[in-house]
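Assemble chain B onto chain D, guided by the hints.
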Amino acid sequence: MTLSELRKDPDYALFKPVVEKGRKAFILGGFLFAVFLWTMYMYGTQLSSGLGVTGLNRPISWGFYIVNFVFFIGISHAGTLISAILRLSKAEWRRPITRMAEVITAIVLAIGGLHPIIDLGRPDRLLSIFYYGRLQSPLLWDVTAITCYFAASTVYLYLPMIPDIAIMRDMGVRPQWLYRFLSWGWTGTERQKHCLDRAITILMVMVIPIAVSVHTVISFIFSMTLQPGWHSTIFGPYFVVGAIYSGIAAILIVMIVFRKVFHLEGYLKPIHFQYLGTLLLVMCALWFYFTFAEYLTGTYGGEPHEMKIILYKFAGGYWPVFWSMILCNFVIPVIILSNKKLKTISGIFIASFAVIIGMWLERLNIVVPSLANPLLRVPYQVYIPSLVEWALFLAGVVAFVLAFLVFSKFFPVISVWEIKEGRKEGIEVVKERLASYQPDITTQPGKS
Amino acid sequence: MPSWGMVIDLNKCTGCGACVSACRSENNVPNVGPEQSQFGRSIFWMDIMEIVEGEYPDVRVQYIPRPCFHCDRPPCTKVCPVRATYLNEEGLVAQIYHRCIGCRYCMVACPYTVKSFNWYEPERLEDFLQFRNPDVSLRMKGVVEKCSFCSHRLQKAREQSEFESRDMEEAEYQPACVEACPTSAIVFGDFENEKHTVSRLRKSYRAFRMHEDLGTEPKVVYLSRED
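In order, the protein sequence lines correspond to chains D and B.
For the first sequence, my numbering gives the first residue as 1, with consecutive numbering after it.
For the second sequence, my numbering gives the first residue as 449, with consecutive numbering after it.
Isolated chain D (complex conformation):
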């Protein structure tokens, strides 16, 4: 297949961003990279003079870096988990979504996984974790779980990309060496297809428990300590639910943006947004259920230190954070997503954006208030994040957009071969499957 043949392909829209690298992308990429360089300079100031450039203090010794760490890792749950569940449940509508979801996971996991290193006072001693690592420390559980998840999800992203890479290799898209290397000799024989299918199936089953373990273990960092407000048994599932919730919102935002920018209206149809929107609403309800359970048990028991923190969130210094979290995470999504008139694509975009902000506020709401109210009466401190911390937050967001931009300029963001497969075999397969669901017809009712 050559380029001119490809242009006649019904799915050319998917290859277009890769084949025609416009000037706009370069300008946007250059701008993002410049911003990123500036944030790295800010990080340089922290490296040279110490963590004193942040707004952290005693007792609030964890702040934005840990909040963003939990937040980004949370978003990474979108991808692989959702795509694995959709594949596993044989949802046909998954086809245009899975690739984007998986890319989110790989990128955000890399960004989030680096956050604890930013937070270290001595990043130069990072390797001590391998020399002297104590597996009794929840931080080590984290390192283990995140590296495991990163390995699994990048492989899970890469494997279904191989046939697409091979198409680009065959049609001579530059740089040839990249596609030649990454396509791994794929020619599309029956045996190769069989192997790929097996590998994807094994991975998607493996990836689900790994994904769940990652955020559970992150919640353990907090819940394993004796601090009131953290020492809670529901933290594991609570974090996982929140992670999936913010993850779905992130997928929706990415889908809506790419649909607009790359004109993918023919692939990402309103039905996809309706289904994912419903899923978002379900997660919203689940998230609210956990939040309600957490605060009700705390308030009803009325243990003084627990109460001190809860009141600090409800009516004390953190009331704006707490109540805007409720607004963004519950009120706005419920109003939009449970109302047929508002549940349009732009409505879903607003709801998803609110959820992303709300989930970030939730992480802030978990980390800081508990630290600000220690058990013993030490001098009261307020945490005001410094410019460096904001800059590094921006760095995370910019790195995400930049990485996605680069990815979309080298690989199709929608899995082409899966779309083609769906078009060719999807309807037949679903018809057969539907037929197999139907109850058997017995000629004589009541007698078998």
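Just so you know, the hints here were simulated from the structure itself, not pulled from any lab data.
Among these hints, one or two may not hold up.
[Stated by the list, open to error] Per label pair, the in silico range of CB-to-CB distance: (1) S324/D <-> E674/B: 44 to 54 Å; (2) S346/D <-> E665/B: 19 to 29 Å; (3) S473/B <-> H305/D: 30 to 40 Å; (4) Q136/D <-> S473/B: 33 to 43 Å; (5) A151/D <-> R654/B: 56 to 66 Å; (6) W390/D <-> K643/B: 34 to 44 Å; (7) Y41/D <-> E610/B: 52 to 62 Å.
Every residue, glycine too, gets a C-beta built ideally from N, C-alpha and C.
Below, chain B without anything else, positioned relative to chain D:
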């Protein structure tokens, strides 16, 4: 194994702060300046909590000296990813400054907020090097530090008594804060050794420990104020 512990009599404490300054000069505790101190960046190995009870005009101020409690079941050592803080063979919670990666997990896990962090490279005045205590290592930026019960004194006393092949006397190992206390409110010794004053004092009906409900088994016992 000895169980080194401290008994602090709140009846006798006047809140004078002698223990704090003795501790600072003994352990080369860095000063951070008034600006950073306002910001919550000051470093204390021995600190005094001020608790104001009641409302004006019926006000009572309670001073509570607070070193590291050297828990027998320390929550901070559990969470350290690199064993930079650990319970040593003398039963003290020790820090290894040159191994600490500065994640501050131990600070977060300590229910008593006794650990401090070096937010900047400590500023040392010019004549500091002349007056510093050579027995205590200097800390660098980005590591956690805290009270060690003056374990360098224990090391010296232990070596001396072993050299002379005899048992260690109570007076041989006393932290700087104990020596400096003008009212003898702070008493230090081995809880297990019946010859030591603390073994008697800790059984006082006034004795209590901070947040015993957490099960951390702190080795600092307070004698509550009577009045």
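Tested hints:
1. S324/D <-> E674/B: 44 to 54 Å: The hinted range 44 to 54 Å holds for S324/D and E674/B, with Cβ atoms some 49 Å apart.
2. S346/D <-> E665/B: 19 to 29 Å: The hinted range 19 to 29 Å is violated for S346/D and E665/B, with Cβ atoms some 59 Å apart.
3. S473/B <-> H305/D: 30 to 40 Å: 35 Å, holds
4. Q136/D <-> S473/B: 33 to 43 Å: 36 Å, holds
5. A151/D <-> R654/B: 56 to 66 Å: 58 Å, holds
6. W390/D <-> K643/B: 34 to 44 Å: 59 Å, violated
7. Y41/D <-> E610/B: 52 to 62 Å: Taking Cβ atoms as reference, Y41/D and E610/B lie about 55 Å apart, which means the hint holds.
Consistency note: the structure conflicts with the earlier hints numbered 2, 6.
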